[in-house]
Amino acid sequence: MEDADAVSDVSRLSIDANIRLLPKSTEKLVGFAVRNKAAIGLIFFCGICSLLLRDPVQLTCSHRFCKSCVEPVDGETIRCTHCHTEVPKETVFSDKGFKNDMSGLEIECYHCDWQGIYKDYETHLEENHSDILCESCGERFTSANSLVLHEQNDCEKTIVACPLKEFGCSDRVERAHIHDHYLTQQHQNAILAAARQLKAKLAPNQISDDMEMETYVHDGTAHSTTTTNNAMSQLPELNEVVGVLVDGVQVLVEHTRDLSMESVRIENQVENLHEELETLKVSVPEQSIFLSGLKPNQEILAQEVASLKQHIDEFQYTSYDGSLIWKITDVSKKISDAQGERQTSIYSPIFYSSPNGYKIRARLYPYGDGNARRTHLSVFFVLMRGRFDHLLAFPFQHKVIFCLYDQTPTQRHLIDCFRPDVKSNSFQRPRSEMNIASGIPKFCPLAIIQQENNPYVRNDTMFIKIMIDFEELPKRVLPYALSLDPGLPAHIRQRLIRQETERQAQQNNNTT
1 MEDADAVSDV SRLSIDANIR LLPKSTEKLV GFAVRNKAAI GLIFFCGICS
51 LLLRDPVQLT CSHRFCKSCV EPVDGETIRC THCHTEVPKE TVFSDKGFKN
101 DMSGLEIECY HCDWQGIYKD YETHLEENHS DILCESCGER FTSANSLVLH
151 EQNDCEKTIV ACPLKEFGCS DRVERAHIHD HYLTQQHQNA ILAAARQLKA
201 KLAPNQISDD MEMETYVHDG TAHSTTTTNN AMSQLPELNE VVGVLVDGVQ
251 VLVEHTRDLS MESVRIENQV ENLHEELETL KVSVPEQSIF LSGLKPNQEI
301 LAQEVASLKQ HIDEFQYTSY DGSLIWKITD VSKKISDAQG ERQTSIYSPI
351 FYSSPNGYKI RARLYPYGDG NARRTHLSVF FVLMRGRFDH LLAFPFQHKV
401 IFCLYDQTPT QRHLIDCFRP DVKSNSFQRP RSEMNIASGI PKFCPLAIIQ
451 QENNPYVRND TMFIKIMIDF EELPKRVLPY ALSLDPGLPA HIRQRLIRQE
501 TERQAQQNNN TT
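In terms of UniProt numbering, the sequence shown is numbered consecutively and its last residue is 512.
FYI, nobody ran anything at the bench for these hints, they're computed from the structure. All values reported here derive from a predicted model rather than from experimental measurement. Yeah, the Cβ is synthetic: ideal placement off N, Cα and C, and Gly gets one too. It is possible that some hints are incorrect.
What the hints assert, rightly or not - As a list, the in silico DSSO-like pairs of lysine-lysine whose alpha-carbon atoms are at most 27 angstroms apart:
#, residue 1, residue 2
1, Lys99, Lys165
2, Lys67, Lys99
3, Lys119, Lys28
4, Lys327, Lys165
5, Lys295, Lys309
6, Lys37, Lys99
7, Lys465, Lys442
Said to hold, decoys possible - Pairwise CB distance ranges, derived in the manner of DEER restraints:
#, residue 1, residue 2, range
8, Gly41, Thr123, 20 to 26 angstroms
9, Lys96, His177, 19 to 25 angstroms
10, Lys37, Lys96, 21 to 27 angstroms
11, Arg385, Arg412, 18 to 24 angstroms
12, Gln343, Asn510, 50 to 56 angstroms
13, Met261, Arg172, 21 to 27 angstroms
Whole structure, please, built from the sequences with the hints as guidance.
This is the structure:
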């Protein structure tokens, strides 16, 4: 019980002492930070701020401190941090002689490469470091003194040593993480070591051994004096240790409380998750049954979407005047696919001879068909089953014209045509979706198409026009008819073709 009281008293004294010795304001002056601290005697450094003395003052115990470090201390007495003697504040005096002794000290600037003597150092700091950057956190300060205060007390990024380094905890961490460090195993071991040492120092036998009773007689009166120098000299050190231990215990208590609250929160979450899991266990089979019912519907919808897409693609290019300009892209790939027999032929979009007429499409073999394979493009005419076939004349007997466009200004189009064989099933009324294709197997030599910079394939694209010749145009008019601007309306093109036909006929009559 006495040991516990002793620890309590020591802890209280330590906390009081720390409060008294800490600076009251971060705006006050402190000593000078120097780079060559190891080369200067410890006698020249303040026992409070641990920096090179600024305006030194001396206590009656002969130890010196910065004037600005001593002035803010509360109370009427000051405790020396070196010998722990308490002296009246009024006995502290400015030590000008010692300051004169310091004036010639060789100094290396803490913030730059400047080297000089003590008496010039303050002027150097004022003139060269009035706008200074904290290397740890990047904050700027208007004086070197402000930066030192910031590094000593406030900077969360500054690397600091563990307060228990003398007890085996050698870690150096950012100030912001010092409380996290207190929770590490290494720091806990250091706390145990410090506690054991504290217990040993506070043992009654140890303290009693350090006490001597002396009796002497003066003016006939007996006086007893208790000499406790050794024990009392240890108390400030113990105070500091206990203060650190108190802080560590406080952090542990707070952390334990936080962990307890976190544990309760996690338990509640687990309970909620368990309830949600039970609900999911019930709903998953229901969802599975529901999804199983959706699968057939999905397949039907996919088929309908594909069918609609096909119809949209067909209607996008639908022509109702008996002609179609077929744009064929990726020509080289289509020839390669046909050569490798991956896809030997392709179909054109569907077109009609009129809104109520024949339903037609073309079929192209990029690498040739039959005896034209490997040598020619083969192009064919395909008659399809339409909605108005019962009203139309069969067999189909109108001439079919194919034109491979020359995409250069010379417009030397490749034109060929054929007349249907009315006895062939290809031109009878369709009984299935499509009749057998019929046309021109040797439409265009592959050598021309595959020739570099040929006029018929540009940007890997070619255009083939399929046209039903209802007016039996003379062969000599075809180049003119197929060279007309495709952007002209159909009736304009037909009128121009008739005019050209009449002109050529008149010219032919005049020559004969």
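Hints, verified against the model:
Of the supplied pair hints, the one linking Lys99 and Lys165 is violated, its CA atoms being roughly 33 angstroms apart against a limit of 27 angstroms. Taking the CA atoms of Lys67 and Lys99, the gap is near 12 angstroms; set against the 27 angstroms cutoff, the hint holds. The suggested pairing of Lys119 with Lys28 holds, with an alpha-carbon distance near 21 angstroms, which does not exceed 27 angstroms. The hinted pair formed by Lys327 and Lys165 fails the criterion: a straight-line CA distance of about 84 angstroms is larger than 27 angstroms.
Our distance criterion of 27 angstroms between C-alpha atoms is met by Lys295 and Lys309, whose separation comes to about 21 angstroms. Using a Cα cut-off of 27 angstroms, the hinted pair Lys37 and Lys99 holds, with the two alpha carbons roughly 17 angstroms apart. A distance of roughly 16 angstroms separates the Cα atoms of Lys465 and Lys442; the hinted pair therefore holds under the 27 angstroms criterion. Taken as a hint, the range 20 to 26 angstroms holds for the pair Gly41 and Thr123, whose Cβ atoms sit roughly 23 angstroms apart.
Separated by about 44 angstroms at the C-beta atoms, Lys96 and His177 break the suggested range of 19 to 25 angstroms. About 24 angstroms separates the C-beta atoms of Lys37 and Lys96, a value consistent with the hinted range of 21 to 27 angstroms. Range check, Arg385 to Arg412: about 37 angstroms between beta-carbon atoms, so the 18 to 24 angstroms window is missed. Range check, Gln343 to Asn510: about 53 angstroms between beta-carbon atoms, so the 50 to 56 angstroms window is met.
The supplied range of 21 to 27 angstroms is broken by Met261 and Arg172, whose beta-carbon atoms lie about 31 angstroms from each other.
In summary, the numbered hints that this structure violates are 1, 4, 9, 11, 13.
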